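Trainee: Residue numbers (the working numbering), protein chains in the order written: chain H, 1 to 136; chain Y, 1 to 260.
Since the hints were derived computationally from the structure, they do not count as laboratory data. Mixed in with the good hints there might be a few duds.
[Claimed, not checked] Partial list, computed: chain H residues near chain Y (C-beta under 7 Å): (1) 59; (2) 108; (3) 122.
[Said to hold, decoys possible] Simulated DEER-style distance windows between Cβ atoms: (4) H:115 with Y:204: 41 to 47 Å; (5) Y:108 with H:86: 54 to 60 Å; (6) H:116 with Y:217: 26 to 32 Å; (7) H:38 with Y:194: 33 to 39 Å; (8) Y:149 with H:80: 22 to 28 Å; (9) H:61 with Y:121: 50 to 56 Å; (10) Y:201 with H:103: 21 to 27 Å; (11) H:27 with Y:217: 53 to 59 Å; (12) H:46 with Y:193: 34 to 40 Å; (13) H:13 with Y:159: 51 to 57 Å; (14) Y:178 with H:131: 31 to 37 Å.
A quick note: this is a predicted structure, and the numbers were derived from the prediction, not measured. Heads up, the beta-carbon is just placed ideally off N, CA and C, and yes, glycines get one too.
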Amino acid sequence: MSLGDTLRLLRAKRGGVTPLAIEAATGLSARVYRQMEQRYRPAGDEDAVRVLAEYYDVPVAELHWRLEWSRKDLSRALARATADARPLTLELWNGQTVAGMVRWWDLGAIGLATADEELLVVQRHAVQRWQPRAEE
Amino acid sequence: MPENLWALREQKRISVAALANRAGLPIGVILEYESGQRSIEPRHLNRLARALYVEEAQIRLQSEPRPGASPLERQPARNASQPTAGRSAFIAPKTKERPLRFRSEPLPPGPARPSQLAALDNLLQRLERSRTTLESELGRPVTELNRAELAQLLRKLQAQVQSSRSPARHRAYLPESVDEFETCYLTAAQEAGATLYFTLFDGSTAEGQIVGFGPFSITVRQADSSELTLNKLALVSYRTAAQSAGQARQTPGHESEPPR
Numbered sequence: 001m002s003l004g005d006t007l008r009l010l011r012a013k014r015g016g017v018t019p020l021a022i023e024a025a026t027g028l029s030a031r032v033y034r035q036m037e038q039r040y041r042p043a044g045d046e047d048a049v050r051v052l053a054e055y056y057d058v059p060v061a062e063l064h065w066r067l068e069w070s071r072k073d074l075s076r077a078l079a080r081a082t083a084d085a086r087p088l089t090l091e092l093w094n095g096q097t098v099a100g101m102v103r104w105w106d107l108g109a110i111g112l113a114t115a116d117e118e119l120l121v122v123q124r125h126a127v128q129r130w131q132p133r134a135e136e
Numbered sequence: 001m002p003e004n005l006w007a008l009r010e011q012k013r014i015s016v017a018a019l020a021n022r023a024g025l026p027i028g029v030i031l032e033y034e035s036g037q038r039s040i041e042p043r044h045l046n047r048l049a050r051a052l053y054v055e056e057a058q059i060r061l062q063s064e065p066r067p068g069a070s071p072l073e074r075q076p077a078r079n080a081s082q083p084t085a086g087r088s089a090f091i092a093p094k095t096k097e098r099p100l101r102f103r104s105e106p107l108p109p110g111p112a113r114p115s116q117l118a119a120l121d122n123l124l125q126r127l128e129r130s131r132t133t134l135e136s137e138l139g140r141p142v143t144e145l146n147r148a149e150l151a152q153l154l155r156k157l158q159a160q161v162q163s164s165r166s167p168a169r170h171r172a173y174l175p176e177s178v179d180e181f182e183t184c185y186l187t188a189a190q191e192a193g194a195t196l197y198f199t200l201f202d203g204s205t206a207e208g209q210i211v212g213f214g215p216f217s218i219t220v221r222q223a224d225s226s227e228l229t230l231n232k233l234a235l236v237s238y239r240t241a242a243q244s245a246g247q248a249r250q251t252p253g254h255e256s257e258p259p260r
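Required output: the full structure, derived from the provided sequences and hints.
Mentor: So, in C-alpha cells, the structure goes:
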C-alpha cells in the first residue's frame, strides 16, 4: 500500500477528517497533505511524514518507508515486467507473497498469472513491496 | 459660390446613403436638404462639408430642387452622367452590369512541406507500414507529391489510423488511469456464472457468483442465495472457482490459504 493509500486509510479511521483540517492541525503548507495522499508520484518530505505520523499516532517508520515505494514505482515495475516477460513478486499487506507473470494491470488491480497459469487478481492497494524493482 | 448639396454630392460621385453614412445623418434628412424642403441646420453643415471634402461656404444652405426631379429624391444612380429617361437619375437600376473582374488562374500547389513528410512517417509507423510499400502503391516517391496531394494522402491515412484503433488498444497505453482490465475480467466471470473466491484483509474469505460490480465494490450471490457486497478496499485478491483448485495445489510463490 502506497503512502497515499495509507494516509487515506488513516484518515478514514479518524472519521473522514478533511485534508484541509489536517493541514490546519499539523501546520503543513497548503495542499501538501492532499498531494501526499492523492499523487501517484512521491510527494512530501521527511518532516511532513514525521508530522503526519505524530498526528495519526503511528510510528514514523511505518509511513517513512512508503516514500520509496510509490504507486508510480509499482506501475513502472509492472510495465517493465510486462515488457521483459519476467515474473514479478508482490508482497501483500496481509503478509502474503504472490508471484507470477503480469497479464494485465490497470487503475485498481493486477492480473497475475501464477506458476500454474492461473490468473490471480490482486488489488493494487494490497501491494506493499515488489521485486524486481524497475529503475527510473 | 455656394452650390446645391445634390450637385456637390454628384460631383463627388457618392450616393445619398454614402453621404448619410459619412456625415452620420439619416438618409431622410439628406433627401430633405437636397430637395430644398428644409435648409441645412448649422450643426449639420460642418458634418456635410467634411463628408464632401468641401468648405462649409461651398454648400448652399437651401438647395434648389434638381430640375425634373421628384420632390423627394431617393437613391441616386451610380452613373449620374447617364440619367435614365422617365425615371429619377438617382434610382439605381437593379440589373446593372458590372465589369468582369479579371481572375488569374490559381497557383499550382507548392511542394510538400517537411512537416507533412514527418506526419506521413508518423502515420505509417502507427499503421506499421513502410514508406517503400506506400511508394510502390503510389507508383512514385512521396517526395514528388505536391502539397495538396500529400494533404489528401495524409487525410486518407489518418482515417485508416482512426478506424484501425480499437478502444482497448488506445486505452491500454495508460493502464494506470483506466480500470477496464478488471472490468473485463469481472464481466467475463459474471457472464460465465463463475464462482469467485475472495481473500480479504482481515484474513477471512468469501465466495460467490457475481451479481454486479462497480468501481468500488463487487456484489456476489453466495451458496445460500444471499447477496454479499464486498468493498474493494477490503479485498486483497480474488480468483475464479476453477482456478481455486489450482490454488489448492499450493502454487509456488503463492502462500495464501486455499479458499473454502
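Trainee: Using the nearest Cβ pair, does residue 122 (chain H) come within less than 7 Å of chain Y?
Mentor: Since chain Y brings a Cβ to about 5 Å from residue 122 (chain H), closer than 7 Å, the hint holds.
Trainee: Are residue 115 (chain H) and residue 204 (chain Y) spaced within 41 to 47 Å by their CB atoms?
Mentor: The hint (41 to 47 Å, Cβ to Cβ) is violated, given that residue 115 (chain H) and residue 204 (chain Y) are roughly 26 Å apart.
Trainee: Between residue 61 (chain H) and residue 121 (chain Y), does the C-beta distance stay in 50 to 56 Å?
Mentor: 52 Å, holds
Trainee: Do the beta carbons of residue 13 (chain H) and residue 159 (chain Y) sit within 51 to 57 Å of each other?
Mentor: 54 Å, holds
Trainee: Residue 108 (chain H) was flagged as interface toward chain Y. Is the shortest Cβ-Cβ separation under 7 Å?
Mentor: OK, holds: residue 108 (chain H) within 7 Å of chain Y, min 5 Å.
Trainee: Please test the hint of 53 to 59 Å on the beta carbon pair from residue 27 (chain H) and residue 217 (chain Y).
Mentor: Violated: the Cβ-Cβ distance is about 36 Å, outside 53 to 59 Å.
Trainee: Could one say that the CB atoms of residue 38 (chain H) and residue 194 (chain Y) fall in the range 33 to 39 Å?
Mentor: Because 35 Å falls inside the window, the suggested range holds.
Trainee: Given the range 34 to 40 Å, decide if the beta-carbon distance of residue 46 (chain H) to residue 193 (chain Y) lies inside it.
Mentor: 51 Å, violated
Trainee: Measuring from beta carbon to beta carbon, are residue 201 (chain Y) and residue 103 (chain H) in 21 to 27 Å?
Mentor: 23 Å, holds
Trainee: Using Cβ atoms only, decide whether residue 59 (chain H) comes closer than 7 Å to chain Y, and label the hint accordingly.
Mentor: 20 Å, violated
Trainee: When you take the CB atoms of residue 116 (chain H) and residue 217 (chain Y), is the distance between them in 26 to 32 Å?
Mentor: Cβ of residue 116 (chain H) to Cβ of residue 217 (chain Y): about 29 Å, so the range 26 to 32 Å holds.
Trainee: Honestly, do residue 178 (chain Y) and residue 131 (chain H) meet the 31 to 37 Å range at C-beta?
Mentor: Distance hint for residue 178 (chain Y), residue 131 (chain H) is violated at roughly 26 Å.
The structure shown violates the earlier hints numbered 1, 4, 8, 11, 12, 14.
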